[in-house]
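We have chain D already, so just place chain G on it with the hints.
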Amino acid sequence: MGLFDKFKKGLEKTHDLLRTDIRDLFKSEGQLVDEEFLDGLFERLIRSDMGVKAGQEIIDEVRTAYRGRVVEMEDVLDTIKKKLKELLAQPADPIRFADSGPTVIMVCGVNGCGKTTSIAKLGQMFHEQGKKVVLGAADTFRAAAVEQLTVWANRLGAEIVTGPEGGDPASVAHRAVARALEINADVCIVDTAGRLQTQQNLMQQLTKIHRVLGKQIPEAPHEVILVLDATTGQNGISQAKHFTEAVQCTGIILAKLDGTAKGGVVVAIRSQVGLPVKYVGVGETADDLALFEPDPFVEALFEDVEAIK
Amino acid sequence: MFESLQQGIGSAMKTIRGHAKLTEGNMRDGLRLVQQALLEADVSFPAVKDFMARLTEQALGEKVLKSLRPEEHLIGIVHQELINLMGPVDHSLHLRGDVTVLMLCGLQGSGKTTTCGKLGRMIHERGRKPMLVAADLQRPAAIQQLEVIGGQLGLPVYADKEATDPVTVCHNAVKQAKQIGAEVIILDTAGRLHIDAELMAQLERIDKRCNPEQIYLVVDAMTGQDAVNSAKAFNEALELDGVIMTKLDGDARGGAALSVKAVADVPIKFIGTGEHMDALEEFHPERMAGRILGMGDVVSLVEQAQQKLDQDEMAKQEAKLRKGEFTLDDFKKMLGQTKKLGPLNKVMGMIPGMGNMADALGDVDAEKDMKRLVGVIDSMTPEERRNPTKTIDQSRRRRIAAGAGVEPHEVNELVKQFTGMADLMKRMSSMSLRERMKTMQQVAKGGMMDPGGRLSKQKQSTGKRLTPKERAKQKKLREKEKRRKKRDEKRKG
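Note that the protein sequences, when read in sequence, are chains D and G.
Using this note's numbering, read the first sequence as starting at 1 and increasing by one per residue.
Using this note's numbering, read the second sequence as starting at 1 and increasing by one per residue.
Read the hints as simulated data drawn from the structure, not as lab findings.
All values derive from a computational prediction rather than experimental measurement.
Just so it is clear, CB atoms sit at the ideal spot from N, CA and C, and this is done for glycine as well.
Be careful, since some hints might not be right.
Below 30 Å or equal to it, Euclidean Cα-Cα: the simulated DSSO-like pairs (lysine-lysine) are [unchecked claim]:
1) G:Lys368 <-> D:Lys208
2) G:Lys368 <-> G:Lys320
3) G:Lys492 <-> G:Lys482
4) D:Lys85 <-> G:Lys129
5) D:Lys83 <-> G:Lys49
6) G:Lys490 <-> G:Lys464
7) D:Lys241 <-> D:Lys82
8) D:Lys241 <-> G:Lys368
9) G:Lys490 <-> G:Lys473
10) G:Lys368 <-> G:Lys416
11) G:Lys480 <-> G:Lys492
12) D:Lys208 <-> G:Lys416
13) D:Lys215 <-> G:Lys368
14) D:Lys82 <-> G:Lys49
15) G:Lys475 <-> G:Lys492
16) G:Lys473 <-> G:Lys486
17) D:Lys53 <-> G:Lys232
18) G:Lys129 <-> G:Lys178
19) G:Lys49 <-> D:Lys81
20) G:Lys464 <-> G:Lys390
21) G:Lys490 <-> D:Lys53
Here are some, though not all, of the chain G residues that point toward chain D, as calculated from beta-carbon distances under 10 Å [stated by the list, open to error]:
22) Leu39
23) Ser110
24) Thr113
25) Gln138
26) Gln144
27) Gln145
28) Ile149
29) Leu193
30) Ser230
31) Lys368
32) Thr391
In isolation and in its complexed conformation, chain D is listed as follows:
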């Protein structure tokens, strides 16, 4: 399955919802753009979690362009798509590998956002690219988190570095990098315990792990991935802000996009924090990971609407 198809598959339910939603707004013979129509459109945009600000911007754009006119669906759609693409504008941003030696990737996020599964998917991707992977199980807090990652490591045939439960996560991270250097691995992915971005002490611990990763390889970590649950609402902005402050995140993996949630909060994050989306998780198996590209993302959101006209 090509990347675009995977993307579409993941978003199927999403655009089902948005498609019918927006189509409902239009009568067959065109629709007058008045405040009532704009309110309706605003509601549908808000329901994608993109936030009041981004939603308002799009509505303002539609209002200036079409106010008081009778319009066809595709005209309005084009404006929305254009604006969304503009808001999301970013080149596709895959993992950037180190020029030499192992590439160290640190993964963080709030509790239950899908960090471990996302790591498994990244691992699978590297595995398919023929790269040698070492996993560092630095979530020493949550019960059985190490076991969970170990199961994935065995499935992927990757090596895993673990520590005792309740031990120092930074030391596990350090040993993971050491092991990656020792066996000359291509990639070292370090898992961290889920934490809410408001927990000062835990965020400091994360900063420490980040610092320790750079001890053996000065440029490490080469990538710091924030995993974001697609069902997250406006709190995602706070997550992106605080995690970036603590560990200079380089990108987002938007997980659980296979539900009805649209992950629209990435629009708000992009414009308020500037953090780009790298990949999206679109299923539960290890190969359900797709590179994020804003244009196909936006197109896929509205694709069926196009097909109907």
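Using the frame of chain D, we list chain G on its own:
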């Protein structure tokens, strides 16, 4: 918790308050801000629309516009509407005489397994025997996770690592429970998407086979607009009895709490407020509404205090206070008691008017500060603890500082803080309740608002004021004394 929603609505109210005269026009501006605050708090759009319709109708009524304090009137309406939206609730677990089955379900990563442990602990504390059932066969190591949690809590866990069908696992668990004498069985099912027809059907099969007394949906407080979709779908498949909202200890605005109730009409029973196993609280809409509007949540605080503080210890200290025998040792015990209530900023948020205080504390790690204070007290001799102001001189101060690993001036600060507090306590012990509240508020406004500040000392009497006659008399006396001294000196010389 809910701080941001609180701030949003707070600023909307401020805008309204700023107007000299309230008209329909500026009331509408204020209402628009309320709407924005709700949307930004992730309350679902239909719920917001409903809420705003009811609010607008009442807010634009003559009663409000012409009332003496319209903004207070409006806050009252918002408060009531929030309560209506989130309530009523029923905290009963509906435990039966014999074996009760509770079932947890939800999306992936919403916190089911942790909640399962917390619920088990709560039931155990209430004197019933719970058993946890690991029915999540999907996620790697989910069974181990529940086993570890069960081990920590000392609760039995039913798990079958060979099993492939969760329906059978749940069924066997119920049978097993009867054998080991467990009274409440909590089924921890696998996380699933509400649109996954196959897995939803599996939940329905578990429901039919085990016939749980109560089914709870576990919802992540950070969920956005999608919360209503999943709650609706789970409710249609299973007829939920309640919702447990998790991760409310972060800065999530928790709008999902309002949406879920509004759209699926399922009451919120409990809220998860931390990673530790005792962080599960009953949900109270009126308190939550108060919290959202910055009215504080004293009832929760008192309830927590009653549950966690040692009543005897409190009585003893109160008696000591009254006699003015409050020492640093007691101060240390008090610190320990306060700690039991939970993180300081959480406690602060519950006191009316102190909501912003938690923000002000922000980066100050109150917990750490407390630990330092205890460290300093521990480095003192018993005598020094009893009477710090009189005994601690420079040399002792240096010794204490070295012992506790702090700077000498920090010892001084502690002593000053302590004397200020002991003083305040002494004064308060003789006051009526109303006077006490007033003093507390003054303290909140003054010293405590500034984390670096100290409690001020009680002002000393400036002495009796003399009448002019008395003053003249005293002056005469003084002069007489002076003359006498001169005379004496002359005689000697």
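Verification of the supplied hints:
This hinted pair checks out: lysine 368 (chain G) and lysine 208 (chain D) have alpha carbons roughly 18 Å apart, not beyond 30 Å. For the hint linking lysine 368 (chain G) to lysine 320 (chain G), the alpha-carbon distance of about 27 Å falls within 30 Å, and the restraint holds. Between lysine 492 (chain G) and lysine 482 (chain G), the direct Cα distance comes to roughly 16 Å. Compliance with the 30 Å bound is thereby established for this hinted pair. Of the pairs offered as hints, the one joining lysine 85 (chain D) and lysine 129 (chain G) is violated, with about 56 Å between alpha carbons and a cut-off of 30 Å exceeded.
Taking the CA atoms of lysine 83 (chain D) and lysine 49 (chain G), the gap is near 26 Å; set against the 30 Å cutoff, the hint holds. As the CA atoms of lysine 490 (chain G) and lysine 464 (chain G) are separated by approximately 36 Å, the hinted pair breaks the 30 Å bound. The straight-line distance between the Cα atoms of lysine 241 (chain D) and lysine 82 (chain D) is roughly 26 Å, inside the 30 Å bound, and the hint therefore holds. Straight-line distance between C-alpha atoms of lysine 241 (chain D) and lysine 368 (chain G) comes to about 25 Å, which keeps the hinted pair within the 30 Å bound.
About 26 Å separates the Cα atoms of lysine 490 (chain G) and lysine 473 (chain G), which keeps this hinted pair within 30 Å; it holds. Between lysine 368 (chain G) and lysine 416 (chain G) the CA atoms are separated by roughly 19 Å; this keeps the pair inside 30 Å, and the hint holds. A C-alpha spacing of about 19 Å is found between lysine 480 (chain G) and lysine 492 (chain G), which places the hinted pair at or below 30 Å, so the restraint holds. Between lysine 208 (chain D) and lysine 416 (chain G) the alpha-carbon distance is near 36 Å, which puts this suggested pair outside the 30 Å criterion.
At roughly 28 Å between alpha-carbon atoms, lysine 215 (chain D) and lysine 368 (chain G) fall within 30 Å of each other, so this suggested pair holds. The hinted pair formed by lysine 82 (chain D) and lysine 49 (chain G) meets the criterion: a straight-line CA distance of about 28 Å does not exceed 30 Å. Only pairs whose Cα atoms come within 30 Å are accepted, and lysine 475 (chain G) paired with lysine 492 (chain G) is accepted, the gap being roughly 26 Å. With a C-alpha separation of about 20 Å, the suggested pair lysine 473 (chain G) and lysine 486 (chain G) falls inside the 30 Å cut-off, and the hint holds.
Under the criterion of a C-alpha separation no larger than 30 Å, the hint pairing lysine 53 (chain D) with lysine 232 (chain G) is consistent with the structure, at around 27 Å. Note on lysine 129 (chain G) and lysine 178 (chain G): the hinted pairing holds, with a Cα-Cα distance of about 11 Å set against a maximum of 30 Å. At roughly 26 Å between alpha-carbon atoms, lysine 49 (chain G) and lysine 81 (chain D) fall within 30 Å of each other, so this suggested pair holds. For a cut-off of 30 Å, the pair hint linking lysine 464 (chain G) to lysine 390 (chain G) stands: about 28 Å separates their Cα positions.
Between lysine 490 (chain G) and lysine 53 (chain D), the direct Cα distance comes to roughly 93 Å. Violation of the 30 Å bound is thereby established for this hinted pair. For leucine 39 (chain G), the shortest C-beta to C-beta distance to chain D is roughly 5 Å, which falls under 10 Å, so the interface hint holds. Checking serine 110 (chain G) against chain D: minimum C-beta separation of about 6 Å stays under 10 Å; hint holds. With 10 Å as the threshold, the beta carbon of threonine 113 (chain G) comes within range of chain D, its nearest partner Cβ sitting at about 8 Å, so the hint holds.
This hint holds: glutamine 138 (chain G) has a C-beta 8 Å from the nearest C-beta of chain D, less than the 10 Å allowed. Satisfaction of the interface hint for glutamine 144 (chain G) is found here, the shortest Cβ-Cβ separation to chain D being roughly 4 Å, below the 10 Å cut-off. A distance limit of 10 Å between C-beta atoms decides the matter here; for glutamine 145 (chain G) the minimum to chain D is near 4 Å, and the interface restraint holds. Interface hint status for isoleucine 149 (chain G): upheld, as the beta-carbon distance to the closest one in chain D is roughly 5 Å, under 10 Å.
Among the interface hints, the one on leucine 193 (chain G) holds; its C-beta lies about 5 Å from the nearest C-beta in chain D, closer than the 10 Å criterion. The criterion of a C-beta within 10 Å of any C-beta in chain D is met by serine 230 (chain G), whose closest approach is roughly 7 Å, and the hint holds. Given the 10 Å rule on beta carbons, the hint for lysine 368 (chain G) holds: about 9 Å separates it from the nearest Cβ of chain D. Interface hint at threonine 391 (chain G): violated, since its Cβ lies 36 Å from the closest Cβ of chain D, which is beyond the 10 Å cut-off.
Checked against the numbered hints given earlier, this structure breaks hints 4, 6, 12, 21, 32; the rest are met.
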